[in-house]
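Participant: Assemble the complex: chain A is given as a structure, and chain B must be docked to it using the hints.
Read top to bottom, the protein sequences are chains A and B. Taking my numbering, I'd label the letters of the first sequence as residues 7 to 424. Taking my numbering, I'd label the letters of the second sequence as residues 7 to 424.
Think of the hints as simulated: they come from the structure by calculation, not from any bench. Since we're looking at a predicted model, the values are computed, not measured. We treat Cβ as the ideally placed atom computed from N, Cα and C, and that holds for glycine. One or more hints might be untrue.
What the hints assert, rightly or not - So the derived list for chain A, only partly shown, Cβ under 8 Å to chain B, looks like this:
| hint | residue |
| --- | --- |
| 1 | M7 |
| 2 | A8 |
| 3 | E12 |
| 4 | L17 |
| 5 | T51 |
| 6 | Y78 |
| 7 | T90 |
| 8 | D128 |
| 9 | D143 |
| 10 | F297 |
| 11 | Y302 |
| 12 | V303 |
Said to hold, decoys possible - With a straight-line Cα cutoff of 20 Å, these simulated PhoX-like cross-link-like pairs (lysine-lysine) come out:
| hint | chain 1 | residue 1 | chain 2 | residue 2 |
| --- | --- | --- | --- | --- |
| 13 | B | K271 | B | K336 |
| 14 | B | K72 | A | K322 |
| 15 | B | K415 | B | K336 |
| 16 | B | K402 | B | K322 |
| 17 | A | K336 | A | K282 |
| 18 | B | K127 | B | K215 |
| 19 | A | K282 | A | K127 |
| 20 | B | K282 | B | K336 |
| 21 | A | K56 | B | K72 |
| 22 | B | K215 | B | K322 |
| 23 | B | K402 | A | K72 |
| 24 | B | K215 | B | K282 |
| 25 | A | K127 | A | K215 |
| 26 | A | K215 | A | K282 |
| 27 | B | K72 | A | K401 |
| 28 | B | K72 | A | K127 |
| 29 | B | K360 | B | K415 |
| 30 | B | K127 | A | K72 |
| 31 | A | K72 | B | K322 |
| 32 | A | K360 | A | K420 |
| 33 | B | K271 | B | K282 |
| 34 | A | K72 | B | K401 |
| 35 | B | K56 | B | K322 |
| 36 | A | K360 | A | K415 |
| 37 | A | K415 | A | K366 |
| 38 | B | K415 | A | K402 |
| 39 | A | K322 | A | K401 |
2 protein chains.
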Amino acid sequence: MALVNEHFLQLPGSYLFSDIARRVRMFEEQHPDIPLIRMGIGDVTLPLPKAVVGAMHLAVDEMSRKASFRGYGPEQGYSFLVETIIENDYRPLGVSLDPDEVFVSDGSKSDTGNIGDILGKDNIVAVTDPVYPVYIDTNVMAGRAGVLTESGIWSNIRYLPCTAENGFIPELPSEPVDIIYLCFPNNPTGTTLTRAELRKWVNFAIDTKALILFDAAYEAYITERDVPHSIYEIRGAKQVAIEFRSFSKTAGFTGTRCAYTVVPKAVCAYTNAGDKVMLNALWNRRQTTKFNGVSYVVQRAAQAVYSEEGIRQVQKMIAYYMQNALLIRKSLLEAGFEVFGGVNAPYIWVRAPKGLTSWKFFDMLLNEAHVVGTPGVGFGPSGEGYLRLTAFGDKKLTQEAMSRITAWKLSSLKSNNP
Amino acid sequence: MALVNEHFLQLPGSYLFSDIARRVRMFEEQHPDIPLIRMGIGDVTLPLPKAVVGAMHLAVDEMSRKASFRGYGPEQGYSFLVETIIENDYRPLGVSLDPDEVFVSDGSKSDTGNIGDILGKDNIVAVTDPVYPVYIDTNVMAGRAGVLTESGIWSNIRYLPCTAENGFIPELPSEPVDIIYLCFPNNPTGTTLTRAELRKWVNFAIDTKALILFDAAYEAYITERDVPHSIYEIRGAKQVAIEFRSFSKTAGFTGTRCAYTVVPKAVCAYTNAGDKVMLNALWNRRQTTKFNGVSYVVQRAAQAVYSEEGIRQVQKMIAYYMQNALLIRKSLLEAGFEVFGGVNAPYIWVRAPKGLTSWKFFDMLLNEAHVVGTPGVGFGPSGEGYLRLTAFGDKKLTQEAMSRITAWKLSSLKSNNP
Numbered sequence: 007m008a009l010v011n012e013h014f015l016q017l018p019g020s021y022l023f024s025d026i027a028r029r030v031r032m033f034e035e036q037h038p039d040i041p042l043i044r045m046g047i048g049d050v051t052l053p054l055p056k057a058v059v060g061a062m063h064l065a066v067d068e069m070s071r072k073a074s075f076r077g078y079g080p081e082q083g084y085s086f087l088v089e090t091i092i093e094n095d096y097r098p099l100g101v102s103l104d105p106d107e108v109f110v111s112d113g114s115k116s117d118t119g120n121i122g123d124i125l126g127k128d129n130i131v132a133v134t135d136p137v138y139p140v141y142i143d144t145n146v147m148a149g150r151a152g153v154l155t156e157s158g159i160w161s162n163i164r165y166l167p168c169t170a171e172n173g174f175i176p177e178l179p180s181e182p183v184d185i186i187y188l189c190f191p192n193n194p195t196g197t198t199l200t201r202a203e204l205r206k207w208v209n210f211a212i213d214t215k216a217l218i219l220f221d222a223a224y225e226a227y228i229t230e231r232d233v234p235h236s237i238y239e240i241r242g243a244k245q246v247a248i249e250f251r252s253f254s255k256t257a258g259f260t261g262t263r264c265a266y267t268v269v270p271k272a273v274c275a276y277t278n279a280g281d282k283v284m285l286n287a288l289w290n291r292r293q294t295t296k297f298n299g300v301s302y303v304v305q306r307a308a309q310a311v312y313s314e315e316g317i318r319q320v321q322k323m324i325a326y327y328m329q330n331a332l333l334i335r336k337s338l339l340e341a342g343f344e345v346f347g348g349v350n351a352p353y354i355w356v357r358a359p360k361g362l363t364s365w366k367f368f369d370m371l372l373n374e375a376h377v378v379g380t381p382g383v384g385f386g387p388s389g390e391g392y393l394r395l396t397a398f399g400d401k402k403l404t405q406e407a408m409s410r411i412t413a414w415k416l417s418s419l420k421s422n423n424p
Numbered sequence: 007m008a009l010v011n012e013h014f015l016q017l018p019g020s021y022l023f024s025d026i027a028r029r030v031r032m033f034e035e036q037h038p039d040i041p042l043i044r045m046g047i048g049d050v051t052l053p054l055p056k057a058v059v060g061a062m063h064l065a066v067d068e069m070s071r072k073a074s075f076r077g078y079g080p081e082q083g084y085s086f087l088v089e090t091i092i093e094n095d096y097r098p099l100g101v102s103l104d105p106d107e108v109f110v111s112d113g114s115k116s117d118t119g120n121i122g123d124i125l126g127k128d129n130i131v132a133v134t135d136p137v138y139p140v141y142i143d144t145n146v147m148a149g150r151a152g153v154l155t156e157s158g159i160w161s162n163i164r165y166l167p168c169t170a171e172n173g174f175i176p177e178l179p180s181e182p183v184d185i186i187y188l189c190f191p192n193n194p195t196g197t198t199l200t201r202a203e204l205r206k207w208v209n210f211a212i213d214t215k216a217l218i219l220f221d222a223a224y225e226a227y228i229t230e231r232d233v234p235h236s237i238y239e240i241r242g243a244k245q246v247a248i249e250f251r252s253f254s255k256t257a258g259f260t261g262t263r264c265a266y267t268v269v270p271k272a273v274c275a276y277t278n279a280g281d282k283v284m285l286n287a288l289w290n291r292r293q294t295t296k297f298n299g300v301s302y303v304v305q306r307a308a309q310a311v312y313s314e315e316g317i318r319q320v321q322k323m324i325a326y327y328m329q330n331a332l333l334i335r336k337s338l339l340e341a342g343f344e345v346f347g348g349v350n351a352p353y354i355w356v357r358a359p360k361g362l363t364s365w366k367f368f369d370m371l372l373n374e375a376h377v378v379g380t381p382g383v384g385f386g387p388s389g390e391g392y393l394r395l396t397a398f399g400d401k402k403l404t405q406e407a408m409s410r411i412t413a414w415k416l417s418s419l420k421s422n423n424p
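Same shape as in the complex, but just chain A:
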């Protein structure tokens, strides 16, 4: 009799985005004449940079001729891409990496999900709260989460609250934990850590032999000098951290699919008997056994992100989104909202006015301002009372959304509700 992995049965449905979709659909059915502006989903809207498009056409043509056709590539990624990544993303930071420490993949969602394959079931996992749901759900699937309590938290997961009260800087865990997910610049709050703050985490991991899974998918949006782009800028991090990077938000690859993960040869985990094991070798074995590499055409696309032209075009794209972020921040602050993030990240985290819940605020924005956000509580208990807006939209629509929210805030002030 074939047995299922019963941990999957513990997962509640992923209600957040289906709930949002249901409410949006209901509104649209009742008000087919009112166009909504969607600022909920973190997906890019600008087309691929011209340099990337050109490289893809060339690569497609290579695949059309027998002499230049490419079959199976290395599961870890072609060296033309791996070396370009090291040269451009790490060398300027003073971080040296060997080519076999970089693993090209189809996405950070895959990698942050699959990394659990190489880790033991009995690890205690810590996450910042609010959090990207994949970190928790994949640990539920692997049997590391314990049981879901009535308050919506998992009994074996350690939640590290990030709220306005602590400036969105998580406190070090009071008890030991084994695996720590850190995502900075953060999704969903849009806030980040300074070098000094990140250093505390690296030192904590070194002291307690914990492993940091560092998601740097938004590093390209950093504007402030004191914010590290890579965890490996911190001394000692190579011993304790795996870093995830993606082209999705950097170069508009959400529909093109390319990312990479850095597993330094120094980073270790342990057997129950306390023996050190090199995670690089385990991840390499995982990837060569369960993955067959990224499409050649897509790897050429990713390489072109680093061409002179590509760098310029990508910077322009990011500047476009960050102008939206600036506009959102400025408009909401002027309208009297409490606003976080949006300086080193394309996400703006808005406090719901007058103690409204996330969902109440969401509903009011939907029904009265005709703007769709994402209720913060959907990302975890500490997200309650917040709402996430994204800066990935069209500039004019973003402006229009801000006019609507400002007008709504003014009228609600007059009516004193809320």
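Facilitator: Relative to chain A, chain B alone:
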């Protein structure tokens, strides 16, 4: 203290292909003037079909304009591709599938590896022997394999021998098993099952509540009428089988990366308490949580495989490889070898003459005929005494390889060794 998944430490190195590479390198260093012909690795060599190339160029252009740009797509694949698959690969067989029973992915290696995520740890796994190593290695990683014994088999895996003695038709297990991997047409033996033989397996699975993981990556190479292209041609299979299909060998996508997996809504596994669970919902949850869909450009490429032009071009490619297979079969039979496969598959499974081991035969072909194959024992104990040749090479090189092997056989007959 971060703990590793210690099951990874049980895996021996993947010696097969590195051993082959080492011996080939040694030969080439000693004989830089002798060009080898490589018939070892199952990778295609013909370029992408023109219809596919055209579709990719169009899709790249779509991605270059804001109005037609695509960000995140559905994790399960775009409906334009899913519906095309159902219409072309299943409807003609009399198999009806709903769109949400088909999951597009980046490869069958990923899917046959990741499918274990949704299955319990305590399943007893059966594999045909010889076998594609991924089926075993991924179960080792998941802790289902037990320990590696001295004879090279895993204590908890049930091996179903497929040799010339049983016509490469595995016998039904004598004891119950929970999960059965079947790959037909088979890699590495190139043999397959008739409809009546496959029916026995489906009935066995129905009777014992087992789950069949059916790898049909080579179905496009079937030439005989009585060989099923899909396990769902067998009545009742939708209750007990998941089917894996790939564009890699069908349309030359080994470097382009697209495949799909069919998880019918009827297929179930069970909780320890004996409750039925729909695997479709679990796989959907796995894929939406740990995967972000296949590149839009690649999905358009796969769709073009089914265009009128694409179908014609793909048929021509397959015919080219199958002419190689025919040539290999004919040449080796004429030279006095015992040869299997190559009729419904691009693999030819050659019995080593006069009781040679796989590796001895490999070494003789390498050093004396200057042709590289794959030692059958690398695929499992029942592969001992065989060697795999692939038909994916260039026609002229394949002809030349056959001349060399024939000449070698003749001269070795004269010298009576072997």
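Participant: All hints, please: hold or fail.
Facilitator: Evaluation of the provided hints:
1. The closest approach between the C-beta of M7 of chain A and any C-beta of chain B is roughly 4 Å, which is under the 8 Å cut-off, so the hint is satisfied.
2. At a threshold of 8 Å, the smallest CB-CB gap from A8 of chain A to chain B is about 4 Å, leaving the interface hint in force.
3. Proximity of E12 of chain A to chain B holds as hinted, the smallest CB-CB distance being about 6 Å (cut-off 8 Å).
4. Checking L17 of chain A against chain B: minimum C-beta separation of about 6 Å stays under 8 Å; hint holds.
5. Taking 8 Å as the C-beta cut-off, the interface hint given for T51 of chain A holds, the closest approach to chain B being about 7 Å.
6. About 5 Å separates the beta-carbon of Y78 of chain A from the nearest beta-carbon of chain B, less than 8 Å, and the hint is met.
7. Evaluation of the T90 of chain A hint against chain B yields a violated restraint, the C-beta minimum of about 19 Å exceeding 8 Å.
8. The closest approach between the C-beta of D128 of chain A and any C-beta of chain B is roughly 6 Å, which is under the 8 Å cut-off, so the hint is satisfied.
9. Hint status for D143 of chain A relative to chain B: holds, with the closest Cβ pair at about 5 Å, below 8 Å.
10. With 8 Å as the threshold, the beta carbon of F297 of chain A comes within range of chain B, its nearest partner Cβ sitting at about 6 Å, so the hint holds.
11. Using the Cβ-Cβ criterion of 8 Å, the hint placing Y302 of chain A at the interface with chain B is satisfied: the shortest such distance is roughly 5 Å.
12. Using the Cβ-Cβ criterion of 8 Å, the hint placing V303 of chain A at the interface with chain B is satisfied: the shortest such distance is roughly 7 Å.
13. Under the criterion of a C-alpha separation no larger than 20 Å, the hint pairing K271 of chain B with K336 of chain B is inconsistent with the structure, at around 44 Å.
14. Under the criterion of a C-alpha separation no larger than 20 Å, the hint pairing K72 of chain B with K322 of chain A is consistent with the structure, at around 15 Å.
15. For the hint pairing K415 of chain B with K336 of chain B, the CA-to-CA distance comes to about 14 Å; that is within 20 Å, so the pair holds.
16. Of the pairs offered as hints, the one joining K402 of chain B and K322 of chain B holds, with about 17 Å between alpha carbons and a cut-off of 20 Å not exceeded.
17. Taken as a hint, the K336 of chain A and K282 of chain A pair is broken in the structure, with Cα atoms around 50 Å apart against an allowance of 20 Å.
18. Under the criterion of a C-alpha separation no larger than 20 Å, the hint pairing K127 of chain B with K215 of chain B is consistent with the structure, at around 16 Å.
19. For a cut-off of 20 Å, the pair hint linking K282 of chain A to K127 of chain A stands: about 17 Å separates their Cα positions.
20. This hinted pair does not check out: K282 of chain B and K336 of chain B have alpha carbons roughly 50 Å apart, beyond 20 Å.
21. Distance restraint check for K56 of chain A and K72 of chain B: the Cα-Cα separation of roughly 12 Å lies within the 20 Å cut-off, and the hinted pair is therefore satisfied.
22. Proposed proximity of K215 of chain B and K322 of chain B is contradicted: the alpha carbons are some 41 Å apart, above 20 Å.
23. A C-alpha spacing of about 14 Å is found between K402 of chain B and K72 of chain A, which places the hinted pair at or below 20 Å, so the restraint holds.
24. Between the alpha carbons of K215 of chain B and K282 of chain B the distance comes to roughly 10 Å, so the proposed pair stays at or under 20 Å and holds.
25. Only pairs whose Cα atoms come within 20 Å are accepted, and K127 of chain A paired with K215 of chain A is accepted, the gap being roughly 16 Å.
26. Restraint check for K215 of chain A and K282 of chain A: the C-alpha separation of about 10 Å stays at or below 20 Å, so the hint holds.
27. Restraint check for K72 of chain B and K401 of chain A: the C-alpha separation of about 13 Å stays at or below 20 Å, so the hint holds.
28. Between K72 of chain B and K127 of chain A the alpha-carbon distance is near 44 Å, which puts this suggested pair outside the 20 Å criterion.
29. The hinted pair formed by K360 of chain B and K415 of chain B meets the criterion: a straight-line CA distance of about 12 Å does not exceed 20 Å.
30. At roughly 45 Å between alpha-carbon atoms, K127 of chain B and K72 of chain A are farther apart than 20 Å, so this suggested pair is violated.
31. Simply put, K72 of chain A and K322 of chain B have alpha-carbon atoms about 15 Å apart, close enough for the 20 Å limit, and the pair holds.
32. Pair hint K360 of chain A plus K420 of chain A holds up; C-alpha atoms about 14 Å apart against a cutoff of 20 Å.
33. A distance of roughly 12 Å separates the Cα atoms of K271 of chain B and K282 of chain B; the hinted pair therefore holds under the 20 Å criterion.
34. For the hint pairing K72 of chain A with K401 of chain B, the CA-to-CA distance comes to about 13 Å; that is within 20 Å, so the pair holds.
35. Among the hinted pairs, K56 of chain B with K322 of chain B is consistent with the structure: their alpha-carbon atoms are about 12 Å apart, no more than 20 Å.
36. Using a Cα cut-off of 20 Å, the hinted pair K360 of chain A and K415 of chain A holds, with the two alpha carbons roughly 12 Å apart.
37. Using a Cα cut-off of 20 Å, the hinted pair K415 of chain A and K366 of chain A holds, with the two alpha carbons roughly 14 Å apart.
38. Between K415 of chain B and K402 of chain A the alpha-carbon distance is near 76 Å, which puts this suggested pair outside the 20 Å criterion.
39. Between K322 of chain A and K401 of chain A the alpha-carbon distance is near 13 Å, which keeps this suggested pair within the 20 Å criterion.
Hints 7, 13, 17, 20, 22, 28, 30 and 38 from the earlier list are contradicted by this structure; the remaining hints agree with it.
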